[in-house]
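Asker: The listed protein sequences derive, respectively, from chains A and B. full-length UniProt numbering applies: residue 1 is where the first sequence begins, and numbers increase by one. full-length UniProt numbering applies: residue 1 is where the second sequence begins, and numbers increase by one.
Keep in mind that the hints were calculated from the coordinates and are not lab data. Don't be surprised by glycine CBs; every beta carbon is placed ideally from N, CA and C. There could be a bad hint or two in this list.
Unchecked claim - Covered, in the sense of this in silico footprint (three residues per stretch, anywhere, with C-beta under 8 Å from a C-beta of chain A), are these stretches of chain B:
| no. | stretch |
| --- | --- |
| 1 | 13-19 |
| 2 | 30-44 |
| 3 | 58-71 |
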Amino acid sequence: MASDDVWILGINMTKFGKHPDKDVIDLAAEATMAALADAGVTMREMGLLAFGSLMGRVAGQNLQKQIGQTGIPVYNVSNACATGATALRVCHMAIRAGDADFGLAVGVEKLSGAGLLAGGSRGADSKTWTPSGRLGAVASIDGRIGTETMPGVFAQIGLEYGHKYGGTTFELFAKISEKNHAHSTLNPLAAYSKRFTLEQIMNDIMIAYPNTRPMCSANCDGAAAAVLVSDAKLKTLSLEQQRRAVKISASVLTTDPWEDACQVLPNVNTLTRQAATQAYEKAGVGPADLDLVELHDCFATAELVHYDNLMLCEEGGAVDFFNSGATWRDGKTPVNVSGGLESKGHPIAATGIANVWEVAHHLRGEAGDRQIEGAKVGLAHVIGLGNACGVHILEKAAA
Amino acid sequence: MPQSIPFVDYLVLGDTPHLVANECTACGARFFDRRNACAACFATEFRKVDVATEGEVRAFTIVSMAAPGIPVPFVSATVDCAGTSVRANLINVDPTPEAVHVGMKVRLAVAPVGTDEAGTEAINFGFEPQR
């Protein structure tokens with residue numbers, strides 16, 4: 001008897017880093033064709049394509065024209081840093097709704113050398129002060145009424161946690177970055193796989209205190225793609241395909257509910273906590289069951305608050321939780337064993353599929369040198385400012 | 001005598017400069033931008049309310065890298081003004097982690113941004129340490 005479960009049948013990510021000789025579609029095609037090969041199917045079987053490329057100025061149709069035009073619907077999705085997770089969610093919904101047996105989710109970006117992605121430019125002031133926009137501002141507010149840059153916004157989010165619960169120091173945040181860079185040395189697909197000492201991290205270029213350069217996510221090129229399949233269809237496929245399939249026990253997308261101050265400093269906490277709560281309930285697992293977590297460490301200051309938001313620790317206990325060593329790869333709840341966004345890299349729309357690839361890789365027992373032994377359950381989290389949060393809980397096939 | 005203009009609509013200049021918020025008459029949620037409806041309760045009636053000029057730094061960062069033309073370093077902060085959060089720069093304070101900390105008591109202050117071709121001076125707000 002088939003259930004309404006949805007499975008990952010095939011998944012792939014390209015090497016993240018600099019790809020000067022490939023355009024956005026080359027990268028998307030590479031990941032997509034590899035995901036189809038991993039799944040043992042072709043474009044012919046796909047019932048839909050959900051495609052995201054935030055900065056790429058391309059649509060899923062451009063990808064189809066290179067690798068297979070079969071007339072299926074394309075959903076071009078855009079949800080900030082949660083774009084990849086949104087593409088997965090769209091395929092998940094279509095399969096659950098019975099609209100398709102197979103869905104293809106793709107995210108791709110070329111960002112090498114992109115610099116600051118928000119607040120990265122400021123127009124010249126006009127010759128006469130004229131109020132405009134919803135704030136009636138007479139000129140650009142970035143740098144005049146706080147900051148619009150992501151390193152600065154997330155720095156405040158980390159220090160706000162410290163204001164509420166205490167214990168956050170520059171050194172603590174740098175130690176989180178030290179962990180992720182150490183993890184990345186085992187990941188051949190990471191954009192950067194160099195280990196840094198704590199001193200190197202703290203003495204590097206300051207971007208927005210307390211985030212120095214290695215504590216910020218790395219702009220890079222990359223793509224990731226996944227083939228999803230219904231439970232009924234999976235049961236008709238080969239035993240090998242069934243054995244390697246990874247169950248999506250929960251696929252959740254949230255936005256931030258209104259809370260005082262959420263339109264002043266983005267609140268990444270409420271929506272992550274709600275997404276995690278829904279995901280644990282749907283999957284029937286709890287934080288203690290997780291063998292590994294890939295969470296959205298766009299900045300070292302962000303990783304800390306998400307320990308709490310994903311309920312990996314007691315409320316207010318993220319500092320003690322990290323200091324206990326729990327989130328290192330040999331700890332109780334390994335977090336970002338891929339190296340995270342700080343070293344693996346963050347090609348925005350690819351990230352929400354690439355972190356699912358990382359978890360799936362471990363559940364299949366195919367993660368090589370960085371394999372978390374015996375991994376059975378994992379969680380992948382992304383957040384896009386604006387805000388959108390995606391949480392996927394994945395489980396190893398029973399067979 | 002040069003004219004002056006507030007940098008944003010929600011800054012009121014004069015003898016006692018202060019900020020004004022749009023407060024939802026139904027639920028009390030406060031906003032600084034032009035509204036279509038309340039994001040908390042969906043009501044459409046708002047009243048102008050004065051925001052306290054003294055507050056506490058709830059979060060901050062010292063921005064060292066920004067777009068060309070933005071002087072760095074500067075301190076960006078979220079200030080809790082008696083329950084209403086405000087985004088602003090901290091001014092009249094050294095932009096160093098030694099001089100700025102969460103929980104710090106601050107008060108609203110104004111400073112000129114520049115004068116346009118018509119001779120109008122734009123005045124912005126920030127928060128400075130209470131002394």
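Asker: Between the stretch 58-71 of chain B and chain A, are there enough contacts, at least three residues with CB-CB distance under 8 Å, for the coverage claim to hold?
Answerer: holds (count 14)
Asker: Confirm or reject the coverage of the stretch 30-44 of chain B by chain A under the rule of 3 or more residues with a beta carbon closer than 8 Å to the chain's beta carbons.
Answerer: That given contact holds, which follows from 7 residues of the stretch 30-44 of chain B lying within Cβ reach (below 8 Å) of chain A.
Asker: Take the stretch 13-19 of chain B, compare each residue's beta carbon with every beta carbon of chain A, and decide whether three or more fall closer than 8 Å.
Answerer: Violated: only 0 residues of the stretch 13-19 of chain B have a Cβ under 8 Å from chain A.
Against the hints set out earlier in the document, a violation occurs for number 1 only.
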